[in-house]
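Taking the hints as your guide, dock the two standalone chains into a single complex.
Chains Z and A, in that order, are what the protein sequence lines are. According to my numbering, the stretch in the first sequence is residues 75 to 353, in order. According to my numbering, the stretch in the second sequence is residues 2 to 377, in order.
It should be emphasised that the hints constitute simulated quantities derived from the structure, not laboratory data. Positions of the beta carbon are idealized from the N, C-alpha and C atoms, including for glycine. Where hints are given, some of them may not hold.
Stated by the list, open to error - No farther apart than 25 Å at their CA atoms in a straight line, the calculated lysine-lysine pairs in the DSS-like style are these:
| no. | chain 1 | residue 1 | chain 2 | residue 2 |
| --- | --- | --- | --- | --- |
| 1 | Z | 301 | A | 187 |
| 2 | A | 293 | Z | 301 |
| 3 | A | 241 | Z | 301 |
| 4 | Z | 301 | A | 369 |
Said to hold, decoys possible - Now the stretches of chain Z that chain A is said to cover, found in silico as 3 or more residues with beta-carbon under 8 Å:
| no. | region |
| --- | --- |
| 5 | 123-133 |
| 6 | 191-198 |
Next come the chains, spelled out residue by residue.
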Amino acid sequence: MSVRPPLLRGLVPLVPLLLFLTVFFIYPVSRMLLLGFSGGASAFARYHELWATGLYRHVLAETFRISVTVTVACLLLGYPVAYTLATAPPRRANLLLILVITPFWISVLARSFTWMVLLQRAGVVNQLLLALHVVRAPVPLVYNLLGVYIGMVHILLPFMILSLYAVMRGIDPSLLRAAGNLGASEWQAFRRVFFPLSLPGVAAGSLMLFVVGLGFFITPALLGGGKVTTVAMLIEAYIHQAFDWGLASALALVLLVATVLVFVAYNRVLNLDRMFGIR
Amino acid sequence: MGTDRRVDEVIEQYYLGTIGRREFVRRALLLGVSAAAIPGLVVEFLSGPARAQTKGTGEVVVCTWGGSYADAQKKAFFDPFEQETGIRVRVTGIPDVAKIRAMVSTNNVEWDFVDAEGEMMIALGHDGLLERADYSIIDRKDLIPGTWSEWGVGSVAYGYALGWSTKVYPPTGRQPRTWADFFNAKRFPGRRAMYNEPIPALEFALLADGVPKNKLYPLDVTRAFNYLKAHKAMVDVWYKQTTQIPTLMRGQEVDLIEGTSGRLSDLKQSGAPVDFTWNQGAWLQSYWIVPKGAKNRENAMKLMAYYTRPQNEAKFASLFASGVPNAKAYGLMPKAAAALLPTAPQNVVHQFQVDSAWWAANLAAVTKQWLAFVGS
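Chain A extracted, bound-state conformation (with noise of 0.2 Å):
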C-alpha cells in the first residue's frame, strides 16, 4: 500500500471518528505524507484487498440480543457497513435455536446473520444447519484463536457475573464476592435473581458448593441441582431475556443478580446504582452463524468479513464493554475502556470458560431436569 504504520492509524483514527479532519490533515503532513496524496489516502485505505469485496446490493437480515447491546453493534458495524457497501442491513430478533431449525427445515430462512452462543453453533453445526464461513474472503490472520470457527467468526466474548445493588450494598459494608457470598442469605439478606437458564447456573452452583474453578468440567449435574433445589426458595425472579436485567436492578426490584456482564458494566458505566465483580465469573464465546439456505448468503459472509476489522471492534468494546475477536482490536483502545472486558488480561484471571463443547453434548438431558427443577 505504500503508506507506513502510522500513516494507518491516523487514517483509521480519522476514519472512526475519533480525530476531525483537520487534525487529521494536519498530522497526515507531519507525518511526511504529500498534500496532495491525502485526499486519496482515506479512498486507498478502503480500497485495500479485503475492503474491495464488499460493495454489493440488497440486504441482510442480522439476529441479535436487542437492547443497549444491538445499538453498540448498530454504531460500530451495521451503520458503517452500510454506509461502505450499500447493503441494507435490517437488526430483527432474539436468537433461538429452535426457530432456526424450523426455519432451515422449512426452507424459509428468516434470518442470514444470527449471534449464536458457542454450544447452539455446535449443536446446529454438527445437525447440518449452517453454511461454512467463507474465509476465502474473510481475513482470519489477526484473530485471536478460540474466537473463530468453521461456521463463523466471533462475535463477542461476554460473560456472567455477580452482580448488586450499590444502595443496598454499598462499598463502606459488606458486599458479596462469591458465589457461596450470593447464596448466602444470612450475610446478604435481600431478594435475588437468576437468569432461567441452566447455562451458567449448574457451574456457579457448584463453585458456591465449594468445586474449585479449575475442576468444574465435567459437571457433576446432580450435585448441583441438589445445591439448587435447596436454595431455590432463595430466587425471587427468574428471568428470562437478558434484556430484563437493567428493568430489574434500575426499578429496584432484586438485590443480587446473577447476570451477563456485559449488561451489569453498561449499567454501572450509565450511573445506576450497581456494581459487580469478576470473581468467579463465567466468560463464552458467541460466534456469528448464518443458517444454510440463508436468502442473503453473500451479503453475510460480506457482513462477517467486515466483522474483523479491529477499528470497528475496538469502537464496539468502547460502546459496550465484551471482548472482541481480533487482536489488534485492543491496541486500538483506551486503556479504561480494555479494563471492562471480561477478556482483559486482569479479568479473565479471575474466571473460568464454559466448556461450550460438553454443552453441546449434554444440554438436551439437562434442560430438561432444569424445566423440572424450575417448574416444580
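The shape of chain Z in the complex, shown without the other chains (with noise of 0.2 Å):
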C-alpha cells in the first residue's frame, strides 16, 4: 500500500505561484468586479441597468452564437488537418506542425488587418473571384458577420489543430489494425474505434476555444465595421466611450458566470471527468 504525502506539503511548490497570482491577478480582478456593486443607488443598481436595456441580452447572445459557429468550423475544419498531422509519417508531421504553428507568431492584429485589406471590394480576393467570373460583383467579405467569420476561425484554428493532434498522437495505430485485421474496412476503423477514441481531444477544444472565443474584441472589431457586436466590446465602449467602469465590471461578471454555467453544463452532459480518464 502506497503512502500518500501530506496534502499540505505537497502544495508548498505552489506556493510563489500563488503569491503571484493572488497579487497580480486575484486581487485586482476583485476590485474591478466590485466596482460592478458601487456607484449606484443600491447595490445591484448596475446590474438592474443591464438588465433593462435590451442591449446586453443582445450582446450577449450574438457572442455566443458566433463563439459556436467558429467553434463548430474549427473542428470541421480542424479535425482532417489533425488527422493527417498524428497518421502522417514522423518528418512530414513536424513539417505540417510547423507550418501550423508558424501563425502564432503573428500578432492577431496584424493578422486581423491584413484580413481587412485581403478582403475588401477592391482587395486580392474579390479582384481573384472577379477573374475567374465566378462573381459579376465584388462580394462584401468584410465589415460584417462573415469577415468576423473568416478571422476569428483564421486565428482560432491552430489552437482546434492542436488540442485534437494531442489525444490523437495517443491512440495507439496497433488499434487501427487490429480493427483491419477482424475484418473492419478502412472507414469502419475510423468511424467505430478512431473517432471515439479521438472525443476527448474533441471535447477539450472545442470548450477551450467556445471560451476563448467568448473573450474575443480585437477581430470584431476590427472587421465587424461596426455592425456586429461582442460582449469584450461592449465592455470596451462602456470603459472608453461612456466612462462607465462600474457599468462595464458589471457586464464582465455577467460573461464571466455565464462562461462558468456553460463549463459546468458541458461537465455535466459529456461528463468530462469519465472522459479523462479521472476517477
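Encoded structure:
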C-alpha cells in the first residue's frame, strides 16, 4: 500500500505561483469586479441597468452564437488536418506541425488588419473571384459577420488542431490494425475505433475554443465594421466612450458567470471527468 | 526690434523655407537693410521676446490623431520646435479621455500635450484634470476669439463633411449635396460609411430630417435617434478611427462617407477619386491641453507658446487643410490653400459650429443611447 504525502506538504511548490497570482491577478480582478456593485443607487443598480437595456442580452446572445459557430467551423476544418498530422510519417508530421504553428508568431492585430486588406471590395480575394468569373460584382467579405467568422476561424484554428492532435497522437495505431485484421474496412475502423478515441480531444478543443471565442475583441472590432458587437467590445465601449467603469465591470462579471455556467453544463452533459479518465 | 514689417515678412519666408538664402539676401538688400546687418537678422528674429523663452532641455510627449494629420504637425511644428529649442518631441497615440482620466487619477501621466476635442477639454477641465495654460509665456494677442481657452490654445478647427467617390458619382451626373441625399438610397444607391460617434451624427440626422441649421441646439435627441434607427440598414460600415477614411475610400469599400473634411480634402488633393461638399458640414475647434501632473509641464507650455506662431500655422494649413487659431496665419498662406480650410470665409458660411458646451453636458447620457443604437 502506497503512503500518500500529507496534502499541505504537496502544495508547497505551488506557493510562489499562488502568491504571484493573488497579488497580480486575483486582487486586481476582484477590485475591478467590485466596481460593478458600487456607484449606483443600490449594490445591484448596475445590474438592473444592464437588464433594463435589452442591449446586453442581445450582445450576449450574439457573442455566444458567434463563438459556437466558430467552434463548429474550426472543428470541421481542423479535424482532417489533425488526423493527417497524427497519421503521417514523423518527418512529414514535423513539417506540417511547423506550418500549423507559424501563424502564432504573427500578432492577432496584424492578422486581423491583413484580413481587412485582403477581403475588402478592391482586395485580392475579390479581384481573384472577379477574374475567374465566379462572381459578377465584388462580394462583401469584410465589415460584416462573415468577415468576423473568417478572421476568428483563421486565428482559432491552430488551437483546435493542436488540441485534437495531442489526443490523436496517443491513439495506438495497432488498435486500427487489429480492427483491420478482424474484418473492418478503413472507414469502419475510423468510425468505430479512431473517432470515439479522439472524442476527448474534440471535447477539450471545443470547450477551449468556445471560451476563448467569447472574449474576442480585436477581430470582431476590426472586421465587423461596427455591425457586430461582442461582449468584450461592449465592455470596451463602456470604458472608453461612456466612462462608466461600474457598468463595464458588471458586464464583465455577467460574462464570467455565463462562461462558468456553460462549463458546468458541458461537464454534466459530456461527463468530462470520466472521458479524461479521472476517477 | 528696429526692422519694418516688409523685412519681417522676408525673414519669415526665409525661415519657413519658402525662399532660398540668395533670394532672402537680395530682397533684404532691396528693402534697404545694410549688408552687414543681414546675418544678424535671423538671429534677432528668433530671439524676440516670446522666442527667447523657448530654449530648454528634455522632452515633451505629444498625443495626436495619427496619419497624415500628425505628419503635417510634425513637419510644421514639432521638427522646427525641436531644432530651435533642443527639446525632443515624441509623438504618440490617439487622444482618449478615458485614458487621461485613468492617467491623472493614478498619477502616471504619460502624455504632456494632447490634441483634444472641445467637449473633451470642457469635461476634463470641469473635473479638475487639466493644467491651466501659462499665458505669461504664450502670446495670444493675435488668436481668433473662440480659438483659445483657459486650458489651452487652439490646435485646429476641423470639420465633418459629406464625401463621395467620384467614380460612382462623377461630376457629370448627380452628386449628393445634403444629408438628406446621404440617407436617400433611391437617388444615391451605394454603400455608406459613418463615423461611430454621436458627434456630429445626431446633428446630421436632424439636418437630414429637415431641422434648419440655426435651430439645431439644444438637440432633439429622440428625433435624431428615431431618424438614425430608420436609416441604420443603409450604413454598411461604422468606422472607429478617422485614419480608416483613406482606407475605405481608396479601397472603394464605400461610395458615400461621413468623414472629417481634413482627411477628405487630403484625399482629394492627393489625386484620389474623392470629392466632398462644405454644405451642411460641421466644424469644431480642438485645443491643446496639458493633463494635470504632466511630467514635462514646462516643455508642454513652451510648445504651446510655439504653436501660436503664424508662419508655422500657415505651413501646417498648407500641408493639411484645417483652420488655425492665429489670424495672421491666413495672410501668410497662398489664396488657394486658404480656400481649402473649413474656417475660410467662403466655406464656413455653409457649415454650422458644433456646440461643445451642449455636448460637454450631455455626452455621457447620449453615449449610452448611441451604444445601444449601434449595438442592436
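Report task. If any of the earlier hints don't hold here, list their numbers in rising order. Result -> 2
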